[in-house]
Amino acid sequence: DAKTTQPNSMESNEEEPVHLPCNHSTISGTDYIHWYRQLPSQGPEYVIHGLTSNVNNRMASLAIAEDRKSSTLILHRATLRDAAVYYCILGYSGYALNFGKGTSLLVTP
Amino acid sequence: GAVVSQHPSWVICKSGTSVKIECRSLDFQATTMFWYRQFPKQSLMLMATSNEGSKATYEQGVEKDKFLINHASLTLSTLTVTSAHPEDSSFYICSARPDTAWGEQYFGPGTRLTVT
Chain C
65 DAKTTQPNSM ESNEEEPVHL PCNHSTISGT DYIHWYRQLP SQGPEYVIHG LTSNVNNRMA
125 SLAIAEDRKS STLILHRATL RDAAVYYCIL GYSGYALNFG KGTSLLVTP
Chain E
58 GAVVSQHPSW VICKSGTSVK IECRSLDFQA TTMFWYRQFP KQSLMLMATS NEGSKATYEQ
118 GVEKDKFLIN HASLTLSTLT VTSAHPEDSS FYICSARPDT AWGEQYFGPG TRLTVT
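Sequence order for the protein chains is C and E. Going by the working numbering, the first sequence opens with residue 65, and the numbers climb by one from there. Going by the working numbering, the second sequence opens with residue 58, and the numbers climb by one from there.
Treat the hints with care, since some could be wrong.
Said to hold, decoys possible - Below are the DSS-like pairs computed for lysine-lysine, each with C-alpha atoms no more than 27 Å apart in a straight line:
(1) E/Lys98 to C/Lys165
(2) E/Lys123 to E/Lys98
(3) C/Lys165 to C/Lys67
(4) E/Lys123 to E/Lys71
(5) E/Lys123 to E/Lys112
(6) E/Lys112 to E/Lys98
(7) E/Lys98 to C/Lys67
(8) E/Lys71 to C/Lys165
None of these hints come from the bench; they were simulated from the model.
With the hints as extra help, turn the sequences into a complete structure.
Now the structure itself:
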């Protein structure tokens with residue numbers, strides 16, 4: 065399985081944008097890039113996914129490098145409710161997902 | 058949106074007893090569901106893939122006789138932890154893949170199991 069590398073933790077101020085990086089230098093041509101987040105004591109929640117082009121939805125934006133070896137999840141205005149562990153996962157969402165350690169995002173008022 | 062429920066949300070049981078956890082897809086059919094386990098301050102680890110009408114596929118190191126999975130219908134999968142021991146205490150999470158949308162996967166809220 066292709067691996068991802070994420071910072072262990074990041075901190076942001078409320079209402080500021082947050083850029084969460086993910087490196088995946090061994091990504092294969094068919095791997096989708098998925099982002100999920102998990103709030104304490106809850107199941108993971110889907111955030112966004114993409115293959116090659118940048119993607120936007122109501123929760124976030126996903127910027128994918130041209131060589132696909134890295135990507136960035138962008139939360140446009142962080143709120144306290146965005147404090148969670150964010151997982152960058154490669155693969156196909158219809159199959160079992162290989163969760164790494166993720167990035168713990170702390171949002172301060 | 059697609060919703061997956063789990064029951065119970067938390068359970069405490071005594072060592073040696075068995076516990077059943079249910080995973081239901083509420084508004085879609087799911088031939089395939091997945092069971093994960095998460096220990097404190099760790100990431101989710103896949104335990105098994107559950108397929109309706111056939112035997113579950115277990116990940117290496119997961120005892121199939123201890124963690125019994127039954128996918129009895131297109132909306133229900135159950136995980137039974139048999140002869141539970143304190144080391145089985147964990148957060149158990151299921152997910153379901155809609156039959157009409159194989160590119161998607163939806164997670165349940167998780168079940169906290171504590172074995173005393």
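We went through each hint and held it up to the structure:
no., hint, result
1, E/Lys98 to C/Lys165, "holds (9 Å)"
2, E/Lys123 to E/Lys98, "holds (24 Å)"
3, C/Lys165 to C/Lys67, "holds (11 Å)"
4, E/Lys123 to E/Lys71, "holds (16 Å)"
5, E/Lys123 to E/Lys112, "holds (14 Å)"
6, E/Lys112 to E/Lys98, "violated (31 Å)"
7, E/Lys98 to C/Lys67, "holds (20 Å)"
8, E/Lys71 to C/Lys165, "violated (31 Å)"
Hint compliance for this structure: hints 6, 8 are not met, and every other hint is.
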